[in-house]
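Novice: Using the sequences and the hints, build the whole thing.
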Amino acid sequence: MTTVDDVPTRVLVPLDGTATAQRALQPAARIARQLRLPLELVTVQDPVYERWARDLDGLAEATDYADVEVEVVSGGWPGDVIVDLTREHPGTLVCLAARHRDRVDRLMLGSVSTHIIQNGVGPVLIVGPGFRPESSRSDYHRLLVCLDGSPRAAAAVPTAMRFAAHAGLHVDLVHVTDSVDEPAAPPSEHEHLAAAARTLRAAGVDVGTTLLAGEDPAGEVARLLSEDRETIAVVGTHGRTGVARMLLGSVTMDLIERSPVPLLITRTS
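For the sequence shown, counting from 1, position 192 maps to 192 in my numbering; every step adds exactly one.
Hints in this document: simulated from the structure, not taken from any laboratory. Ideal placement from N, C-alpha and C gives every residue a C-beta, glycine not left out. Possibly wrong hints are sitting among the right ones.
The following label-pair restraints were derived from C-beta to C-beta distances [to be verified]:
no. : residue 1 : residue 2 : range
1   : 202       : 9         : 24 to 30 Å
2   : 67        : 216       : 36 to 42 Å
3   : 51        : 194       : 46 to 52 Å
4   : 226       : 149       : 23 to 29 Å
5   : 216       : 45        : 40 to 46 Å
6   : 195       : 58        : 45 to 51 Å
7   : 74        : 191       : 50 to 56 Å
8   : 74        : 170       : 42 to 48 Å
9   : 201       : 54        : 48 to 54 Å
10  : 66        : 228       : 23 to 29 Å
Specialist: Below, the structure is given as structure tokens:
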């Protein structure tokens, strides 16, 4: 579901005291700086597991960004707390780090992250284990939108359009054919790419299309992203299912794990 709340008014980073959660700080500060938005660091005190960030002021200073606020919430489940914050402050862009793995070493999203994606207002920026931090203070200049012809993927286009128009970003629409043996037709022959491009151009967005071929869609997109790190990838979700791999889809989960740049997750209705 995409709304005017897709245009961010602040960037929110939930922290739980782990080094993994802190990996979301660098890209969150980068996009907040670029869009001139306040950056808020929040932690929820958990008296049972004693997992919360105890030095938010120090972390705020380490972000090297002037407009940073901190908030400590006493009590409550972090998933519900963060979702409530997105509802109380329309335009909140939540930035999370994915970290959990299952028994066969596949990427998993924790229950808090899944709950926020499933129930929060607006898109969520996810930083996966493949993310490589940049010391550069340069701006992001491109949104790479992953399309496969499905309504779920197409739902990412309005979010990309709003972000691109708001921040002056170029949009690259990307489709990966499912077999290296499929004829390499030009992007114009893939109607879902052409239709999305027409929509974006009508809104005044600078847009291009890219067609890739390979049996590993996530790997092909990750390789493309590694060529230009000043990029944010944009993907759609399946809706409101509570299982992470079903919510996001297996290709998106693989891309989160392997992408060197953040992914902007937008949910379908």
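Novice: Which numbered hints are broken by the structure, listed smallest first?
Specialist: none
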